[in-house]
Structures are given as C-alpha cells and as structure tokens.
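Asks: Take a look at the letters that make up each chain.
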Amino acid sequence: EAGVTQFPSHSVIEKGQTVTLRCDPISGHDNLYWYRRVMGKEIKFLLHFVKESKQDESGMPNNRFLAERTGGTYSTLKVQPAELEDSGVYFCASSLIRGKNTEAFFGQGTRLTVV
Amino acid sequence: AQKVTQAQTEISVVEKEDVTLDCVYETRDTTYYLFWYKQPPSGELVFLIRRNSFDEQNEISGRYSWNFQKSTSSFNFTITASQVVDSAVYFCALRAIIQGAQKLVFGQGTRLTINP
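Keeping their order, the protein sequence lines are chains P and Z. The first sequence runs 809 to 923 under my numbering. The second sequence runs 67 to 182 under my numbering.
It should be emphasised that the hints constitute simulated quantities derived from the structure, not laboratory data. All residues carry an ideal CB built from backbone N, CA and C; glycine is no exception. Some clues are possibly wrong.
The calculated label-pair distances, taken between Cβ atoms and stated as ranges, are [claimed, not checked]:
(1) P:Met847 <-> Z:Ala147: 31 to 39 Å
(2) Z:Gln123 <-> P:Glu822: 50 to 58 Å
(3) Z:Pro182 <-> P:Lys859: 41 to 49 Å
Coverage of chain Z stretches by chain P, computed from C-beta distances (three or more under 8 Å per stretch; other residues unrestricted) [stated by the list, open to error]:
(4) 139-150
(5) 170-178
Could you put together the complete structure from these sequences and hints?
Replies: Okay, structure coming up:
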C-alpha cells in the first residue's frame with residue numbers, strides 16, 4: 809500500500825511568487841494534516857481536514873496560505889505570495905477517522921526555499 | 067497549553083554506545099498520548115511508538131526502549147548499542163485525547179549522529 813506522498817520534494821521560488829504543494833494521503837484515510845518545520849525549530853501544526861472539511865485551521869500563519877481538499881482525497885497548500893519566512897519543510901500526514909489505529913502517517917515533506 | 071521540550075539539540079556518539087534522548091512535556095490534560103518519530107536523511111517522519119498517559123509501563127523494542135515518568139512529565143528514549151543507521155533527527159510529540167482534537171505538538175527535535 810502506498811504511503812503519504814508529497815509533491816514536489818523540493819521547491820525554490822522567488823519572493824512574491826506562488827507555490828502549490830500537493831499531498832496524497834493513504835487511501836481511505838479521512839484525516840489529513842499539514843505541518844511545517846521552519847529553520848530547525850519544532851514541527852508546527854497548520855491545519856486538519858476531515859474528508860473535505862476543515863476541522864481545525866488554527867495553525868495557518870496568515871491569509872497568504874490557502875489549503876484545499878476537494879472531494880476529500882488529495883490536498884493542496886498554496887502560498888501566495890511567498891515570503892522569505894515561509895521557507896521550511898512542509899509535512900503532510902493522514903490517519904483513519906475511526907478504529908484503534910489512529911497513528912498519523914507522514915510523508916517525506918516538501919522543502920520550500922523562498923529566495 | 068501544550069508544550070514539548072527536547073533540550074538536546076544535537077548528540078554525537080560512537081557506534082555501540084548507548085544514548086538517551088530526553089523529552090519533557092507540559093499539558094493540563096489528564097489524558098493524552100505521547101509519541102516518538104524518527105526522521106532519517108530521506109526526510110519522512112517514521113512513527114516509532116505511541117504511549118497512553120494511563121500506561122506508565124516502560125517499553126522495549128529490540129535496541130529501543132522508552133521510559134515514561136508521569137511524575138516528572140518525561141518520556142525519554144534510549145537506544146542501546148547504537149548503530150550508524152540510527153543517525154537521524156528524532157522528534158517527541160504530544161496529543162490530547164479529545165474527540166476531534168488530532169493535532170500533534172512536537173518538540174524541536176534532537177539530531178543524533180552515530181559515528182563509526
């Protein structure tokens with residue numbers, strides 16, 4: 809079974825440009841999360857989808873970030889316009905909505921560099 | 067508020083040495099989960115263990131062991147007879163057991179380097 813897949817693995821963009829990150833969760837996982845690690849600091853929660861609905865977006869830093877999960881499958885995280893402080897590694901994770909196994913399985917992350 | 071502190075930013079040891087990674091957490095919740103994740107050079111976060119706050123039994127899995135002490139709010143991770151393949155960044159994390167609250171609170175991570 810495929811794990812959580814993130815694309816691209818790396819992205820280098822100029823300040824002011826737009827970047828869209830994509831996450832394909834494990835098939836059948838209703839929960840989808842976005843996290844971010846900036847400059848060697850702790851990994852911080854951004855938001856949580858349950859199917860296509862935003863359950864918790866308390867971690868989104870500002871309105872330059874837009875996350876979508878149309879159809880409740882894959883998710884995109886768009887940064888527009890990107891700023892230097894947006895550089896970091898963006899992780900996506902997914903988990904089942906029910907059952908004992910509620911572990912979050914993470915993807916390999918997208919390393920975003922804004923120059 | 068919830069917080070996880072991994073005071074050791076980097077640790078470097080020689081292969082076959084034992085090494086302990088510290089994790090201290092803060093939470094007002096009476097029920098919660100604690101986790102350890104490993105991030106190898108390939109980048110993905112690999113789940114290692116989940117511990118329920120009601121279960122203070124220590125756990126051993128091969129060369130890995132975890133010491134959960136509720137009295138000191140610590141959940142330390144020990145690697146016995148370390149190997150070069152153990153080199154990675156290790157993250158400790160906390161999650162409240164509240165319906166709908168699924169987010170993890172992570173520590174800053176400890177970069178472990180095992181030298182041959």
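Asks: Indicate, hint by hint, whether the structure satisfies it.
Replies: Quick rundown of the hints versus the structure:
Between P:Met847 and Z:Ala147 the beta carbons are some 33 Å apart, a value that agrees with the proposed interval 31 to 39 Å. The supplied range of 50 to 58 Å is met by Z:Gln123 and P:Glu822, whose beta-carbon atoms lie about 53 Å from each other. Range check, Z:Pro182 to P:Lys859: about 48 Å between beta-carbon atoms, so the 41 to 49 Å window is met. Residues of the region 139-150 of chain Z lying with their CB closer than 8 Å to a CB of chain P number 0, which falls below the three-residue condition for coverage.
Judged by the Cβ-Cβ criterion of 8 Å, the region 170-178 of chain Z is covered by chain P as claimed, because 6 of its residues qualify and three suffice.
Figure legend: structure checked against the earlier numbered hints; the only hint not met is number 4.
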